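**Student:** Each chain, letter by letter, is given below.
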Amino acid sequence: MRRLSGWRGDVLAALGALLVAAVLVLGLGSNGLVDFIIRFGIFGLLVLSLNLLIGTAGLVSFGHAAFFGSGAYAFGLLMQSGGWSVPAAILAALLWSALLALAIGALCVRLSEIYFAFLTLAFQMLIHSMVISWVSLTGGDQGLMGGVPKPPFLGIELARPTHLALFAAACLAVSAVLLRQVIRSPFGVALRMLRDNPQRAAFLGLSVFRYRLGAFVIAGTFAGLSGVLMSLYVSGAFPTFLYWTTSGEALFMIMLGGIGTFLGPLLGAATFLFISDRITAFTEHHGLFFGAVLLLLVLGLRKGMLDWAVEAWRSRRERHKA
Amino acid sequence: MSKTDPGGASRRGLLAASAGMGAAAITGFPMVARSQGRRPIRIGMPTILSGRVAQLGISSRDAVLMEVEKFNAEGGLDGRPIEVIVRDSRGVPAEAARLAREMISDGVDILFDGEPSSGGFAVHEVVRETGTLTLHINTETSAMSADPKQRFWNAFRIARQGIHDSIAGGVYAAEIVKAKNLRRWMTVSPDYAYGRDTTAEFIEYLKYFTPDVQVVGETWPKLFQPDYTENVTRLAQGRPQAVYSCLWAGDLVAFVEQAALYGLFSQSQYFAVNMADYTTLKQIKQLPRGVHSGNRYLSSYPAQPTNAAFGRDYQRRYNNYPTNWAWQAATAVHLTTAALKKVGSTDPRQLASALRGLTIDSPFGADGKVTMRAEDQTLVGYAIGWGTTIPAEPYVEGIKTADWNQITQLEQEWKKGKGWA
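In order, the protein sequence lines correspond to chains A and B. All residue numbers for the first sequence refer to my numbering, where the first residue is 1 and numbers rise by one. All residue numbers for the second sequence refer to my numbering, where the first residue is 1001 and numbers rise by one.
I should point out that these hints are in silico values taken from the structure, not numbers from a laboratory. Computed from a predicted structure; not experimentally measured. Warning: the hint list may mix true and false statements.
What the hints assert, rightly or not - Distance condition first, Cα-Cα at most 30 angstroms in a straight line; then the derived DSSO-like pairs of lysine-lysine:
(1) K150/A - K1149/B
(2) K150/A - K1418/B
(3) K1418/B - K1178/B
(4) K1282/B - K1070/B
(5) K1415/B - K150/A
(6) K1400/B - K1418/B
(7) K303/A - K321/A
(8) K1070/B - K1418/B
(9) K1369/B - K1070/B
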């Protein structure tokens, strides 16, 4: 049992989840489900990466969509330029997102709390304005038009929704295992220490700047990967990917699912997408109904869903022991 | 956490129960009521029903529903009615793409893409892969059908096009320039792709016909900007003889009202391509006389009884006026039903083949007809006219109809210049 609590357990859990996704995609053959799995892969990756900053490092970023959008644009532009294979373009887009996160992070992580949040927001809006203004490269407000070519590689045809769904699920599973190892590593422990007491950590000789910058770059890179998947999904890239509302949605998914547990954000993303889709399907007053349902959930639970469930389970267990 | 607060606990319980019931209600609703008997022809339509552009999306949906109802009342396609499934994309391209996929998964026969250009291109890429017969009813960006890379067998555009409007506007303005000797021009257009592209194309054609025209200044307000003092001041200082603008809807209303305070409309000739739409005309408190405008939608132009009847029926039914998006949506229904009757089934390949080159009688045609041009699968022959505003109904007078032969010839040259023909 103990052997399964480390990285081996994570790998097994990820493989199990991937197997379930594969059965759902290939077995049921529902297009709606295939689409849901693709989008869950995309937003799941986005919220897991953001929660590395919020939940583990205590850095609330309002500008995380900057890396999501930059990954989407970088990948889309490379594929449209021709001569790039999908894996090479993905790696290049990830490298670009990492470099961007390094540059922005170097300026942002020196600050904390609300100042950090607003500086990340400012950088995101700066990049958004650049994308809108640089019409010849990005297509401006109309986005990257003309489609994103998806030449097959290693037998994977991403133009086919089932292949894309399995690819997105695999990206999410691999990323989740990697991010979990980051959180469990001494680096992750240091980040939590910085979150809880940065002065003490600095006093012990930890470089607050370097650790936070490291977390920022890792989070930005994984957000870039989710942007790549989004670009594959809609065959384009649009300025809304970089807009503050995208960051806001990711934040809300995390708050809904819970920041205290690793899987909380994933539950939040799935719930958010499911409720949003169902509401769109039966009413035109999306905002009214969506707001009301979310309000009830937030007021009723007063914390993220998984955090609430874990706490309820623990207190129940303690009561039984007593 | 307190455990001695029964009031709080029961409130939470109530809220949780409400949330549970809400979730159950949402998931329990069937998506579309299945009709009995013969399977209806299903049309999916993602469009914008909330936010700043909602009025246009709603008019698009309303026009589709009104025309579909007429088709169904006449017996549909051998007894098969059309069923329209409309969903709100909220103007988010990724959501428009998702909704299109969802509708295709749910088995719609035809997709009416009611998105503007940004969402329209996202839907375009979805249907390029799925091969669903799709009619783009609000995408005005010329590249969608003009660029050969964008074309494929199952996508059609049933909307006006930027390049057509620019050529027609250029021809009309050139005549006024010659008659009134207007050499010094300025422009005031929204600062985004549509504003910059449309302005550049208009000026290109204005100079094509009157090469000695000079643009002495440009001012670019932001989209949805509330205050135009800076732009109005700039125009007042520039003392142009003529001003071009492609501001639209609420932005144009705000600009006109602020510019009128400074008396700008008496100092210069104004050419506002998007003025003649009820969304603008009805909103301006004191519509200035003599502003030159292209028609977006007017029930008085083209002056056909069928067009007047469309405007009247729409107004009676919805207590509102049709928009440019409304006539385009209605035309989409007219062309689709004509193709359905011709083919007798919903086979997408056969319908696409029937649509290519199809000419139908239309309330909105320049000569009573519109055509789905076969070579680039885009609508031609719709009425484009320019006239001048008057403060009361019918709001625009002296409308001169653009010549489609000239538009087609110059459009072809424009395509060659772009390497698209």
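**Student:** Against each hint, give a clear statement of whether it holds in the structure.
**Tutor:** Here's how the hints hold up against the structure:
Only pairs whose Cα atoms come within 30 angstroms are accepted, and K150/A paired with K1149/B is accepted, the gap being roughly 15 angstroms. With a C-alpha separation of about 26 angstroms, the suggested pairing of K150/A with K1418/B holds against the 30 angstroms cut-off. Straight-line distance between C-alpha atoms of K1418/B and K1178/B comes to about 29 angstroms, which keeps the hinted pair within the 30 angstroms bound. In summary, the hint linking K1282/B to K1070/B is supported, as the alpha carbons are separated by about 28 angstroms, within the 30 angstroms threshold.
The hinted pair formed by K1415/B and K150/A meets the criterion: a straight-line CA distance of about 28 angstroms does not exceed 30 angstroms. Our distance criterion of 30 angstroms between C-alpha atoms is met by K1400/B and K1418/B, whose separation comes to about 29 angstroms. A hinted pair counts as satisfied when its Cα atoms are at most 30 angstroms apart, and K303/A with K321/A qualifies at roughly 25 angstroms. With a CA separation close to 42 angstroms, the supplied pair K1070/B and K1418/B exceeds the 30 angstroms bound.
In summary, the hint linking K1369/B to K1070/B is supported, as the alpha carbons are separated by about 19 angstroms, within the 30 angstroms threshold.
Checked against the numbered hints above, the structure violates only hint 8.
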